[in-house]
Every structure is written in structure tokens, then in C-alpha cells.
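Undergrad: Modelling step: build the complete structure from the supplied sequences, incorporating the hints.
Quick note on numbering: the sequence shown equals residues 621 to 733 in our numbering.
The hints are simulated quantities; they were obtained by calculation from the structure and are not laboratory data.
Heads up, a few of these hints could be off.
Restricting the straight-line Cα-Cα distance to at most 27 Å, the calculated cross-link-like pairs of lysine-lysine (DSS-like) are [stated by the list, open to error]:
(1) 649 with 664
(2) 680 with 664
(3) 680 with 665
(4) 665 with 649
(5) 686 with 700
(6) 700 with 688
(7) 637 with 649
Taking CB as the label site, the calculated pair distances span [to be verified]:
(8) 658 with 636: 39 to 45 Å
(9) 658 with 637: 29 to 35 Å
(10) 627 with 658: 35 to 41 Å
(11) 692 with 653: 55 to 61 Å
(12) 672 with 641: 44 to 50 Å
(13) 663 with 625: 52 to 58 Å
(14) 644 with 668: 33 to 39 Å
(15) 640 with 674: 50 to 56 Å
(16) 661 with 641: 27 to 33 Å
(17) 674 with 708: 29 to 35 Å
We treat Cβ as the ideally placed atom computed from N, Cα and C, and that holds for glycine.
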Amino acid sequence: GAADARASLTAGLADAKAAFDRQIQAGEKELNAAASWEGEAMTKKRQLESAQETMRGLRKELADAKAKTASSLERETAAKAEAASLKREAAATAGATATTTAGAKAATTAGGA
621 GAADARASLT AGLADAKAAF DRQIQAGEKE LNAAASWEGE AMTKKRQLES
671 AQETMRGLRK ELADAKAKTA SSLERETAAK AEAASLKREA AATAGATATT
721 TAGAKAATTA GGA
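TA: And the structure:
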């Protein structure tokens, strides 16, 4: 009787230990999977942050390019206005010179007659 009881108890303990070991192994697998997912998530987070940094850089470059273009347009507009002003001055000067020359000729002609 006692030997049978001891054998039965030992077998029961061995079964319980095996079941417990299987639970531990399953838990370790779950932990490893969770750690792997966490690692992937961290990698994706770093990739996202890198992409966001790239976008910020591109936005700044775009803003700089727009500012340079606007500045160039302002300079071009100012240069055109300056050129138009110089043309008007040249035309006015030419007109005044023509008037003065014509007046001088008329005076000379009148004086010579």
C-alpha cells in the first residue's frame, strides 16, 4: 500500500511539474513575442521621427526657396521700375534738348535775318 501510494504521489508530482514547466515555457514565448513587437514598434517610431525630421527640413527648404523667389521678384520689379524711370528721364532730357536746340536755331535764324 505505502509503496503504491508513494509511486502514485511521485507520478502526480511529475505530471504537475511537467504542466508547470509547459506554462512557464508558454509565458516565456509570450514575453519574447511582446519584446519583439516592442522592438519593432520602437524601430517604426524611430523611422517615423526620422521621416518627420526630413519633412521639417523639406518644409524649411521650400519656405527658403519661396522667400528667395519673392525677393528676386521684388528686385526684378524694382529694376523694371528703375529702368522705366530712367527711360522717362532720358525722354524728358531728349525733349528738353530738342526744345533748346530748336529754340537756339530759331534765335540764330531770327538773328541772322
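Undergrad: Compare the structure with each hint and give your call.
TA: Going down the list of hints, with the structure as the test:
1. 649 with 664: holds (22 Å)
2. 680 with 664: At roughly 24 Å apart (the allowed maximum being 27 Å), residue 664 and residue 680 satisfy the hint.
3. 680 with 665: holds (23 Å)
4. 665 with 649: holds (24 Å)
5. 686 with 700: Measuring from Cα to Cα gives roughly 21 Å; hence the hint holds.
6. 700 with 688: Holds. Residue 700 to residue 688 sits at ~18 Å (cutoff 27 Å).
7. 637 with 649: holds (18 Å)
8. 658 with 636: 39 to 45 Å: With a Cβ separation near 33 Å, residue 658 and residue 636 fall outside 39 to 45 Å, so the hint is violated.
9. 658 with 637: 29 to 35 Å: Hint holds: Cβ distance 31 Å, inside 29 to 35 Å.
10. 627 with 658: 35 to 41 Å: The hint (35 to 41 Å, Cβ to Cβ) is violated, given that residue 627 and residue 658 are roughly 47 Å apart.
11. 692 with 653: 55 to 61 Å: holds (58 Å)
12. 672 with 641: 44 to 50 Å: Between residue 672 and residue 641, where Cβ atoms are some 46 Å apart, the hint holds.
13. 663 with 625: 52 to 58 Å: The hinted range 52 to 58 Å holds for residue 663 and residue 625, with Cβ atoms some 57 Å apart.
14. 644 with 668: 33 to 39 Å: Between residue 644 and residue 668, where Cβ atoms are some 36 Å apart, the hint holds.
15. 640 with 674: 50 to 56 Å: holds (51 Å)
16. 661 with 641: 27 to 33 Å: holds (30 Å)
17. 674 with 708: 29 to 35 Å: violated (51 Å)
Going through the hint list in order, the structure does not satisfy hints 8, 10 and 17.
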